[in-house]
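My request is simple: use the sequences and hints to build the entire structure.
Counted the way the numbering used here counts, the sequence shown spans residues 4 to 222.
Hints are computed from structural coordinates only; laboratory data are not their basis. The structure displayed is predicted, hence computed values, not measured ones. A virtual CB, placed ideally from N, CA and C, is assigned to each residue, including glycine. One thing to keep in mind: the hints can contain errors.
Stated by the list, open to error - Computed spacing ranges between beta-carbons, pair by pair:
id: 1; residue 1: Met-127; residue 2: Val-5; range: 17 to 27 Å
id: 2; residue 1: Pro-47; residue 2: Lys-140; range: 16 to 26 Å
id: 3; residue 1: Glu-79; residue 2: His-132; range: 43 to 53 Å
Said to hold, decoys possible - Derived lysine-lysine pairs resembling DSSO-like cross-links, with alpha carbons at most 27 Å apart:
id: 4; residue 1: Lys-99; residue 2: Lys-140
id: 5; residue 1: Lys-99; residue 2: Lys-128
id: 6; residue 1: Lys-128; residue 2: Lys-140
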Amino acid sequence: MVDLLLDSAAMGVNVVERESISFSHPSRFILVGTMNPEEGDLRPQLLDRFSLCVDIQSISDAESRMKILERTLLFERSPQEFSERWYPQEQTLSEKIIQARELLPNVIYTQRDIYTVAELMAEMKVDGHRGDIVILKTALAHAAFLGRDRVTLEDILTAAELALPHRLKRLPFQDTAAEFQELSERLQQIRQESQDKVDQITETSDTSGTQKKKTTVNQ
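Structure (structure tokens):
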């Protein structure tokens, strides 16, 4: 199954072969799944195909657990009444998502934002480049969802917290909360250093381009 999913995602075509039947069709899909890490790991190639990851933890607060229990009983008693009660909140969220989709093409990012993402991923020793792309795209979407037209450090940090958990090589019993606190602090440092680095890269690029032009003219 894993091989079939990877092949279909990479090639954009799903091939079905059964005895004397061979059929292929276009395949564009988004992987969505849940799993219990204690039951075993997935292959890194497949994990990388999941853009974002959310760690779900059991709720230990008694008041919150009581609300969950009450709402479950209310839904079982009258699904229609329960749906009508929460419809305004659902409608508000739907409208916010629609507005974010309309704003998304106009959200801008800078060379500094790109450097921040690239430097962070390099320091975290993340394999491949899909993680970099995912973080930048998620930061853009997060900014749009909050009604902003440009990416901020908050957007990048939020995106990194969603895109990195399943991509990091974590040691047994490693504290995830402490790890992401360190991530936040390191991201702040990278952000402070990034403008000078971007200026240096731009200046080097411009100088290289000028020298190339001069060489061409001399020839």
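Checked hints:
1. Met-127 to Val-5: 17 to 27 Å: holds (25 Å)
2. Pro-47 to Lys-140: 16 to 26 Å: holds (21 Å)
3. Glu-79 to His-132: 43 to 53 Å: holds (47 Å)
4. Lys-99 to Lys-140: holds (18 Å)
5. Lys-99 to Lys-128: violated (35 Å)
6. Lys-128 to Lys-140: holds (20 Å)
Violation of the numbered hints given earlier is confined to hint 5; every other hint is satisfied by the structure.
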